[in-house]
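So the sequence lines, in the order shown, correspond to chains Z and V.
Residues 1 to 675 in the numbering used here are what the first sequence spells out, letter by letter.
Residues 1001 to 1157 in the numbering used here are what the second sequence spells out, letter by letter.
Keep in mind the hints are simulated off the structure, nothing from the lab.
One or more of the hints may lead you astray.
The calculated DSS-like cross-link candidates involving lysine-lysine, where the alpha carbons are at most 30 Å apart (straight line), are [to be verified]:
{"no.": "1", "chain 1": "V", "residue 1": "K1031", "chain 2": "Z", "residue 2": "K118"}
{"no.": "2", "chain 1": "V", "residue 1": "K1122", "chain 2": "Z", "residue 2": "K118"}
{"no.": "3", "chain 1": "Z", "residue 1": "K119", "chain 2": "V", "residue 2": "K1031"}
{"no.": "4", "chain 1": "Z", "residue 1": "K51", "chain 2": "V", "residue 2": "K1031"}
{"no.": "5", "chain 1": "Z", "residue 1": "K388", "chain 2": "V", "residue 2": "K1122"}
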Amino acid sequence: MTTHEHEKERIGVYVCHCGSNIAGTVDVEDVAKWAGENLKEDGVVIARDYKFMCSSLGQELIEKDIKEEGLTRVVVAACSPHLHETTFRTACQNAGLNPYLCEMVSIREQVSWVHTDKKAATEKSKAMIAGGVERVFFNEPLEPLHVPIHPATLVVGGGIAGIQSALEIADAGYPVYLVEREPSIGGHMSQFDKTFPTLDCSACILTPRMVQAGNHPNITLLTWSEVTNVEGYVGNFTVTIRKKARFVDEDACTGCGICQEKCPKKVIDEIYEAGLGYRKAVYTPFPQAVPKYPVIDTENCIYFEKGTCRACEKFCPTNAIDFKQEDKILTVEVGNIIIATGFDLFDPRRISQYGYGRLANVFSSLEFERLTNAAGPTNGEIVLRDGKTKPTSVGIIHCVGSRDRNYNNYCSVICCMQSLKFAHLVHERTGATVYNFYIDMRTAYKEYDEFYQRVLEEGTLFVRGKVAEVTDAARLPYEQGKLIVQVEDTLAGKQRRIPVDMVILSAGLEPRHDAKETAKLFGISCSTSGWYIEKHPKLDPVATMTEGIYIAGCVQGPKDIPSSVAQGAAASARVLGRIQQGEIALEPIRASVDEDKCSGCRICNDLCPFNAIIFHEDRMVTEINPALCQGCGTCVAACPAGAISGTGFSDQQIFAQIDGLLSVNFSHERVAELI
Amino acid sequence: MSKEFEPVLIGFTCNWCSYRAADLAGTARVKYPPNIRLIRMMCSGRLDPTFVLKALAGGADGVLITGCHPGECHYLEQNYKALRRYLLLRRTIAQLGIEPERVKLVWASAAEGVHLAAEITKMVEEIRELGPLNWPKWNENNGYKSSLPVQVEEVSS
Chain Z
1 MTTHEHEKER
11 IGVYVCHCGS
21 NIAGTVDVED
31 VAKWAGENLK
41 EDGVVIARDY
51 KFMCSSLGQE
61 LIEKDIKEEG
71 LTRVVVAACS
81 PHLHETTFRT
91 ACQNAGLNPY
101 LCEMVSIREQ
111 VSWVHTDKKA
121 ATEKSKAMIA
131 GGVERVFFNE
141 PLEPLHVPIH
151 PATLVVGGGI
161 AGIQSALEIA
171 DAGYPVYLVE
181 REPSIGGHMS
191 QFDKTFPTLD
201 CSACILTPRM
211 VQAGNHPNIT
221 LLTWSEVTNV
231 EGYVGNFTVT
241 IRKKARFVDE
251 DACTGCGICQ
261 EKCPKKVIDE
271 IYEAGLGYRK
281 AVYTPFPQAV
291 PKYPVIDTEN
301 CIYFEKGTCR
311 ACEKFCPTNA
321 IDFKQEDKIL
331 TVEVGNIIIA
341 TGFDLFDPRR
351 ISQYGYGRLA
361 NVFSSLEFER
371 LTNAAGPTNG
381 EIVLRDGKTK
391 PTSVGIIHCV
401 GSRDRNYNNY
411 CSVICCMQSL
421 KFAHLVHERT
431 GATVYNFYID
441 MRTAYKEYDE
451 FYQRVLEEGT
461 LFVRGKVAEV
471 TDAARLPYEQ
481 GKLIVQVEDT
491 LAGKQRRIPV
501 DMVILSAGLE
511 PRHDAKETAK
521 LFGISCSTSG
531 WYIEKHPKLD
541 PVATMTEGIY
551 IAGCVQGPKD
561 IPSSVAQGAA
571 ASARVLGRIQ
581 QGEIALEPIR
591 ASVDEDKCSG
601 CRICNDLCPF
611 NAIIFHEDRM
621 VTEINPALCQ
631 GCGTCVAACP
641 AGAISGTGFS
651 DQQIFAQIDG
661 LLSVNFSHER
671 VAELI
Chain V
1001 MSKEFEPVLI
1011 GFTCNWCSYR
1021 AADLAGTARV
1031 KYPPNIRLIR
1041 MMCSGRLDPT
1051 FVLKALAGGA
1061 DGVLITGCHP
1071 GECHYLEQNY
1081 KALRRYLLLR
1091 RTIAQLGIEP
1101 ERVKLVWASA
1111 AEGVHLAAEI
1121 TKMVEEIREL
1131 GPLNWPKWNE
1141 NNGYKSSLPV
1151 QVEEVSS
C-alpha cells in the first residue's frame, strides 16, 4: 500500500476509555496521540480519545467529524463489535456515511480485560488499531439484505415455557406450531403436586393453560411429534416434523377413555409416574392430558407383539383405533423458532453412596412429587415403598448432583425451595420429624425466604453439611430397620448418624440427554455444561447467536416456574417484534464470483453446504446464489484463481489487517515481505 | 518489558465460536499474554492458507487458527475444510523450513473462554521456546543461491 493511495481516504480513529475499563490498563491518550501521528500515512486525519464513545456525546463526536472533516472511514477502538457495532454503524449512517465503512477494534475484551501489563497492553492496542485502519481502507460501502419474515412461529417443547410462548404469539393473532415429543403437553409441571412458595396446586394452574393452547385457533398442536430437520435462515425456515403414529384417529376419537379401561396390558409408567405407577399400553399420560387422544405404545401392545388382542379396537365406540396408521412427515414454513425443550432430572443412581435404586426407601424428588400428588399412584398418601407404612422420620438431601465437582458444578436453583416444600408437605400430611441436609440455603426470590422461615417455625430440623452416605447397616439398636444418614454437621463441627424411615434426594436439573443433537439441529450453541447459550447473558437472555432462534425456560439454565414463564413470554415478545416489522435486514456478507476470472475449475462447487454454488455448463463458469449464500467464505478461500470475493471479509481486508497488526512492537527485525 | 524474546502471534477466530470465546474471556477477566493479536472471520473455513503465510512472512512468530468444534460449525461443516487446509499447510511450511509447530489449530466454542485463554497462553510459551522465526539466509539476498535449510520435518497426520 502506497501513501499515495491512502491519501484518497480520510480516516477517523476513536479510542474509548470505557470509564476505567479500558483506560485502567491501556494508556488511551497515548494510543490516540500515536494513531494521529504515526498512521497519517495510512490516511488517518483525526484520532481522538473519549470517556465513553457509545454515549450520545461520543456518537455525536463521530457524526460531527464526518460532516465537518469529511471523514470517509471510521475506526472505533472500544469494546467487542458484538456489543456496539450497530451503535457506531448507525452513528456513521446518521452522518451520511455508509455504515459498513466503520470498523471496530476490540481493545476491551481482547486487551484491557485480559492483560495486566500496561505497557504491553498499550502497544497491543496500537497494533490492533493499525490493523483496523489498514483494513477499513478496503471496506466497501454495502447495503443490508432485506428478507421477509414469515408470520408463523415454531415452538419446540410443550412445557410451561413453550405453552406460554405459544399462547402469547397466538393471542397476538399469528399462527404457531407447538411441537411436543410426548403424547401430551404440560411438561414437568404437570407431574408436580404443589408449587412453591404459594403451595398452589400445580395442575390447577397449569391445565387451564394447556386447554387454552389445545383449543386456540392459531395454535397447531403437534404432540407425539419431533422436529427432524431445519433448513433456511431467519424469516424463512423450512422445518420437517415427524408426527409419530398414534394408532388413534384424531378426528374420530372423543377421548372417552374406554380403550384405556379395556386394554389388558399394564405397563410401569417410567416417564409420567416416575416408575411408581402403571399405565396401559394404550394411554394418555394423565387424565387432563391435552390433546385428549391416547397413543398406543407399540413396544408393549399385545397386538403389536403377538398379532392378537385388539380389545381397544373392539370396544371403541367411534372406531377410532387404526392399527394401520403410519408416521407422517410434515413440512412447515416458519419465520422464527422458540426452543423450550426443558431439562432432564439428574439420575441419583449415579451417586451410589446415597443408595437410590438399592435401598427401597430412598426416593428421588420426582418420585416424591408423584407420591404427594392426589392423582398419583398413592392418591397423595406419603408412604414408604411398601405402599402402606407412613414414615415417622424423613431426611431430605439437598444438592444431589448439583454444586458437586464430581457431577455438576452449577446450582440447580430450584432444589432448596423444592426441599422446603417437601418438608412442609411431609410435616403437614404425616407429622413426621423432617431433617433437611443442606450445604447452603438459597431462597432468593419473592416470598421464598418467608417460606423458609415458615418451614423453620413448623419445626423442620436443618443440618448443614454434605451427606456422606445413606446406609441400612445399623450399628446401634435404635438404628435397626432404619436408613441411617451419615453427615458432618458443619455448624456443630461433628459427625452425626441420623436414623430415618425415608430419604428424599433433591436431584438437580441437567440439560436434556439429547441437548447437543437438538442444538446442532437448530444451529445454536451449548455451554460446556450443555445449557444453550443466550446471545448476551445479561441483556439478551432469550435470543441465541443464530438469528431467528430463541430459547426459553430451562434449556437456557436451571430455573423455577415463574422465570420459565417470564422467559417464554419474553421470547414471544422478541418474535412478535420481528413479525410486526415484516422484514429483517441481514448482514450483506456474501460471496460472489467474478466471471471473467473464473476458470471453471469447479474446485469450489462441492464446498457449499447450502447449495448456493451453481455451475453453468454452457459458459463454464460458477455463480453464487446470494439468497442461499450464508457468507462463511469457504469458497472464497478455496478459489485458486481468486475469482470469488467475500464482501465484508475480502482477501484485501484481511491481508491489510495482518499488515497493520504486525506493523507495531517488534522485538526482532521485521523481515522483508515475501507476499 | 524484559529483554526476553517476546513472540508475536496472529490468531484467526471464527465470528460464532472462538471470537465469542475471546469476548467471554474478556468479560470473565481471564488473563493471557498480550503477544497475540486476533483477526475475526465469519468462519474458520474462510481461512485462506495464504493468510497464514502472509502473517509469517510479515513477521509473526506463530499463527493460531481457531474454529468451532467438529460437528458444531455454524455453517454446518466448514471447519472440517479448515482442518484439511491446516494439515496441508503444516506440511507446506515444513518444506519452507519453518517449524510446523508455529501454526496450530485449536477448537474453541463460544462457551470456552477459559479454554481459549489457556490455549493462547500455552502457544505463546511454545513459540517463546522455539524462538523468533528466522527466515532462511537465502531470503536476505532476495534469491535462491546459498544453502536451503534441510531440516524439513515430516509431519505426522
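*Taking each numbered hint in turn, which are not upheld by the structure, reported in ascending numerical order?*
5
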